[in-house]
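**Student:** Just need the whole structure built from these sequences, with the hints factored in.
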Amino acid sequence: MSGILFIVPTPIGNLGDISARALEVLAEVDVIAAEDTRHTRHLLNHFGIKTRCISLHLHNENQRSSQFVDLLQKGESIALVSDAGTPLISDPGYPLVNALRHAGCQVVPLPGPCAATTALCAAGLPTDRFCFEGFLPAKASGRKEKLEALKHETRTMLFYESPRRVFDTLESMAEIMGHDRHIVVAKELTKRFETFISGTAAEIIDWFKQAPERQKGEMVIMLSGTSESTDAGFEHALELAIKLKPLMPPKQAAAIASETFNVKKNAVYKAMMD
Numbered sequence: 669m670s671g672i673l674f675i676v677p678t679p680i681g682n683l684g685d686i687s688a689r690a691l692e693v694l695a696e697v698d699v700i701a702a703e704d705t706r707h708t709r710h711l712l713n714h715f716g717i718k719t720r721c722i723s724l725h726l727h728n729e730n731q732r733s734s735q736f737v738d739l740l741q742k743g744e745s746i747a748l749v750s751d752a753g754t755p756l757i758s759d760p761g762y763p764l765v766n767a768l769r770h771a772g773c774q775v776v777p778l779p780g781p782c783a784a785t786t787a788l789c790a791a792g793l794p795t796d797r798f799c800f801e802g803f804l805p806a807k808a809s810g811r812k813e814k815l816e817a818l819k820h821e822t823r824t825m826l827f828y829e830s831p832r833r834v835f836d837t838l839e840s841m842a843e844i845m846g847h848d849r850h851i852v853v854a855k856e857l858t859k860r861f862e863t864f865i866s867g868t869a870a871e872i873i874d875w876f877k878q879a880p881e882r883q884k885g886e887m888v889i890m891l892s893g894t895s896e897s898t899d900a901g902f903e904h905a906l907e908l909a910i911k912l913k914p915l916m917p918p919k920q921a922a923a924i925a926s927e928t929f930n931v932k933k934n935a936v937y938k939a940m941m942d
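Numbering-wise (this note's numbering), the sequence shown opens with residue 669 and increments by one.
Quick caveat, the hints were computed from the structure, so don't treat them as lab data. Please note that a few of the clues may not be correct.
Said to hold, decoys possible - Pairs of lysine-lysine residues, derived as DSS-like cross-links and limited to a Cα-Cα distance of at most 27 Å, are as follows:
(1) K932 <-> K919
(2) K742 <-> K819
(3) K913 <-> K877
(4) K938 <-> K911
(5) K877 <-> K812
(6) K933 <-> K807
(7) K938 <-> K877
(8) K884 <-> K812
(9) K718 <-> K819
What the hints assert, rightly or not - Computed Cβ-Cβ distance ranges for the label pairs, DEER-style:
(10) Q735 <-> C799: 30 to 38 Å
(11) F835 <-> M941: 17 to 25 Å
(12) T822 <-> H847: 16 to 24 Å
(13) C799 <-> H714: 30 to 38 Å
(14) R833 <-> T785: 21 to 29 Å
(15) N730 <-> I910: 47 to 55 Å
(16) P914 <-> K884: 47 to 55 Å
(17) E696 <-> Q878: 42 to 50 Å
Yeah, the Cβ is synthetic: ideal placement off N, Cα and C, and Gly gets one too.
**Tutor:** As structure tokens, then:
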């Protein structure tokens with residue numbers, strides 16, 4: 669009998685969120701494949717688990733896959749964990765799971781913590797339809813290109829972001845998606861200083877700048893989708909405002925166009941001037 673690969677979510681902050689089943693699996697498997705063995709060892713020590721750990725991260729997961737296939741085919745069982753949350757969700761593991769599926773090995777997922785869904789359910793944004801986009805590209809050109817492709821997305825959009833890039837990301841969202849788009853940022857999820865900030869990109873940036881310590885911790889940025897009717901109305905309003913601009917002051921042109929198509933005047937004015 670071949671062994672089993674268990675995909676084991678771990679807490680995103682509060683250690684009390686780990687499940688009894690997850691602790692049982694971590695204690696009973698032969699090997700734990702960990703994104704960072706030092707980080708995982710702290711978790712295991714907290715719960716008195718002595719299972720051997722082997723590293724599996726972005727730089728070695730392709731090479732490790734064949735090794736883990738051999739272990740499973742010899743009857744050993746493995747638990748896959750990331751530093752926090754559910755493995756494979758913006759974390760290593762896809763090449764391994766893909767290789768194991770092709771090799772006919774059994775893969776068993778455990779339910780558990782995930783920052784994206786934890787943030788979404790408390791954000792006050794529509795949850796019936798949403799899309800998870802993970803981390804945006806680090807370079808400005810790639811980030812803006814990705815946001816342009818999502819400009820007309822009607823579902824709520826979820827992104828992960830690091831503290832050092834949050835300002836650049838919010839500014840790009842305002843530029844591409846519009847300065848009035850509703851955004852919610854969740855940080856320090858499940859921890860003592862868990863915080864949800866809601867508003868426009870400019871309002872959220874201002875909130876962060878008021879106190880430097882607010883920029884700490886990984887973040888989930890949630891962006892409201894556009895409605896097809898509003899999006900079409902905005903395009904028509906912008907077209908009308910551009911036609912009226914040579915005939916009157918720009919603000920008057922934006923006011924007439926926005927009233928005609930029932931969209932926000934400031935957004936039409938900015939787009940027209942851009």
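**Student:** Now, for every hint given, state plainly whether the structure supports it.
**Tutor:** Against the structure, the hints:
1. Distance restraint check for K932 and K919: the Cα-Cα separation of roughly 12 Å lies within the 27 Å cut-off, and the hinted pair is therefore satisfied.
2. As the CA atoms of K742 and K819 are separated by approximately 50 Å, the hinted pair breaks the 27 Å bound.
3. Distance restraint check for K913 and K877: the Cα-Cα separation of roughly 36 Å exceeds the 27 Å cut-off, and the hinted pair is therefore not satisfied.
4. Restraint check for K938 and K911: satisfied, since their Cα atoms lie roughly 15 Å apart, inside the 27 Å limit.
5. For a cut-off of 27 Å, the pair hint linking K877 to K812 stands: about 23 Å separates their Cα positions.
6. A threshold of 27 Å between alpha carbons decides the hint, and for K933 with K807 the separation of about 31 Å lies outside it, so the pair is violated.
7. Between K938 and K877 the alpha-carbon distance is near 24 Å, which keeps this suggested pair within the 27 Å criterion.
8. Only pairs whose Cα atoms come within 27 Å are accepted, and K884 paired with K812 is accepted, the gap being roughly 24 Å.
9. Distance hint between K718 and K819 is unfulfilled; the C-alpha atoms sit about 49 Å from each other, more than 27 Å.
10. With their beta carbons about 34 Å apart, Q735 and C799 fall inside the hinted range of 30 to 38 Å.
11. Range check, F835 to M941: about 23 Å between beta-carbon atoms, so the 17 to 25 Å window is met.
12. Checking the proposed 16 to 24 Å range against T822 and H847 shows it holds: the Cβ atoms sit about 19 Å from each other.
13. Restraint check, C799 to H714: a C-beta distance of roughly 35 Å satisfies the suggested window 30 to 38 Å.
14. Between R833 and T785 the beta carbon distance is about 22 Å. The supplied range of 21 to 29 Å therefore holds.
15. Separated by about 51 Å at the C-beta atoms, N730 and I910 satisfy the suggested range of 47 to 55 Å.
16. The hinted window of 47 to 55 Å between P914 and K884 holds, with their beta carbons roughly 50 Å apart.
17. Between E696 and Q878 the C-beta distance comes to about 49 Å, which sits within the given range of 42 to 50 Å.
The structure does not agree with the numbered hints 2, 3, 6 and 9 stated previously, though it agrees with the rest.
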